[in-house]
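Please model the entire structure based on the sequences and the hints provided.
Protein chains in written order, with the working numbering: chain A, 1 to 114; chain B, 1 to 108.
Any given hint could turn out to be false.
[Unchecked claim] Reference excerpt, derived from the structure (chain B facing chain A, CB under 10 Å, subset only):
{"no.": "1", "residue": "Gln37"}
{"no.": "2", "residue": "Gly40"}
{"no.": "3", "residue": "Gly41"}
{"no.": "4", "residue": "Ile86"}
{"no.": "5", "residue": "Arg95"}
[As the list claims (entries may be wrong)] Pair ranges (Cβ atoms, derived):
{"no.": "6", "chain 1": "B", "residue 1": "Ser51", "chain 2": "A", "residue 2": "Leu11", "range": "37 to 43 Å"}
{"no.": "7", "chain 1": "B", "residue 1": "Gly52", "chain 2": "A", "residue 2": "Gly16", "range": "35 to 41 Å"}
{"no.": "8", "chain 1": "B", "residue 1": "Asn64", "chain 2": "A", "residue 2": "Ala81", "range": "26 to 32 Å"}
[Claimed, not checked] Non-contacting residues of chain A with respect to chain B, defined by C-beta distances greater than 10 Å in every case (computed):
{"no.": "9", "residue": "Gly2"}
{"no.": "10", "residue": "Leu11"}
{"no.": "11", "residue": "Glu15"}
{"no.": "12", "residue": "Asn28"}
{"no.": "13", "residue": "Phe55"}
{"no.": "14", "residue": "Glu69"}
{"no.": "15", "residue": "Lys83"}
{"no.": "16", "residue": "Phe88"}
{"no.": "17", "residue": "Gln103"}
Treat the hints as calculated values from the structure; they're not laboratory data. Glycine included, each C-beta is placed from N, C-alpha and C at the ideal position.
Take a look at the letters that make up each chain.
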Amino acid sequence: DGGITQSPKYLFRKEGQNVTLSCEQNLNHDAMYWYRQDPGQGLRLIYYSQIVNDFQKGDIAEGYSVSREKKESFPLTVTSAQKNPTAFYLCASSSPNRSGQPQHFGDGTRLSIL
Amino acid sequence: KNEVEQSPQNLTAQEGEFITINCSYSVGISALHWLQQHPGGGIVSLFMLSSGKKKHGRLIATINIQEKHSSLHITASHPRDSAVYICAAETSGSRLTFGEGTQLTVNP
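As structure tokens, this is what we get:
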């Protein structure tokens, strides 16, 4: 079945450590997105990519980095510069050039600081 | 003030009740999305609409573009409908701006 796979489901980070969250899709979608969700807040956009080898900062990009070397993959690195990384991270994809197509979401990765 | 506001934040209902969740937005949109998030965290898209009304099973979504308001209705609610329901406004470049979500609990 087509879908989005995020891994790992749970991730623990030590202070000062970079960690990378994986997001893979087999939906042949051009656009991919990373969101952060905190308790009591709506999802906020971290980074998005509308095409391979191109990506743009979202509303809360500081302390994060991404790459888009393949259409299927959009990994997110949470760097040590992100001072409050504990959150639930969701990856999504869409085909913006096809009208009426919603975003598809992965099951998320929950990141905690040790 | 958030660009997308949902109400209520929390809603508890008895099985069988008719439920309404409201969403107001202040930005220009190309579409309005309703999403469902279950306790495990995964999100499913329920509706994407830009005008009028859509229906899928017991779920109905409506939008009034002039009033910048959308509603999600659940008829004959069931405990399995318990989840967080999220409204999101799609703006330029397919970016979504999300409401804070409505936690729905349906008791048997």
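Structure-based check of each hint:
Because the smallest distance between the Cβ of Gln37(B) and any Cβ of chain A comes to about 9 Å, under 10 Å, the interface hint for this residue holds. The criterion of a C-beta within 10 Å of any C-beta in chain A is met by Gly40(B), whose closest approach is roughly 7 Å, and the hint holds. Contact between Gly41(B) and chain A, as hinted, is supported at the beta carbon level, the nearest pair being about 4 Å apart and thus within 10 Å. With its C-beta approaching chain A no nearer than about 7 Å, Ile86(B) sits inside the 10 Å limit, and its interface hint holds.
Of the supplied interface hints, the one on Arg95(B) holds, with its beta-carbon coming within about 7 Å of a beta-carbon of chain A, less than 10 Å. Under the hint 37 to 43 Å, the C-beta atoms of Ser51(B) and Leu11(A), about 41 Å apart, fit the expected range. Take Gly52(B) and Gly16(A): their Cβ atoms lie about 53 Å apart, and the range 35 to 41 Å is violated. For the pair Asn64(B) and Ala81(A), the supplied restraint of 26 to 32 Å is violated, since their beta-carbon distance comes to about 43 Å.
No Cβ of chain B approaches the Cβ of Gly2(A) within 10 Å, the least distance being about 14 Å, so the stated non-interface status holds. Here Leu11(A) stays apart from chain B, with its beta-carbon at least about 13 Å from theirs, past the 10 Å limit. At roughly 25 Å, the least C-beta separation between Glu15(A) and chain B is larger than 10 Å, which holds for a residue marked as non-interface. The claim that Asn28(A) is not at the interface with chain B holds, since no C-beta of that chain comes within 10 Å of its own (minimum 16 Å).
In this structure Phe55(A) is separated from chain B by more than 10 Å, as the shortest Cβ-Cβ distance comes to about 12 Å. Non-interface call for Glu69(A) relative to chain B: holds, since the shortest CB-CB distance, roughly 21 Å, exceeds 10 Å. Listed as a non-interface residue, Lys83(A) keeps its Cβ farther than 10 Å from every Cβ of chain B; the least gap is roughly 23 Å. A beta-carbon of chain B is positioned within 10 Å of the beta-carbon of Phe88(A); the least distance is around 6 Å.
Non-interface call for Gln103(A) relative to chain B: violated, since the shortest CB-CB distance, roughly 7 Å, does not exceed 10 Å.
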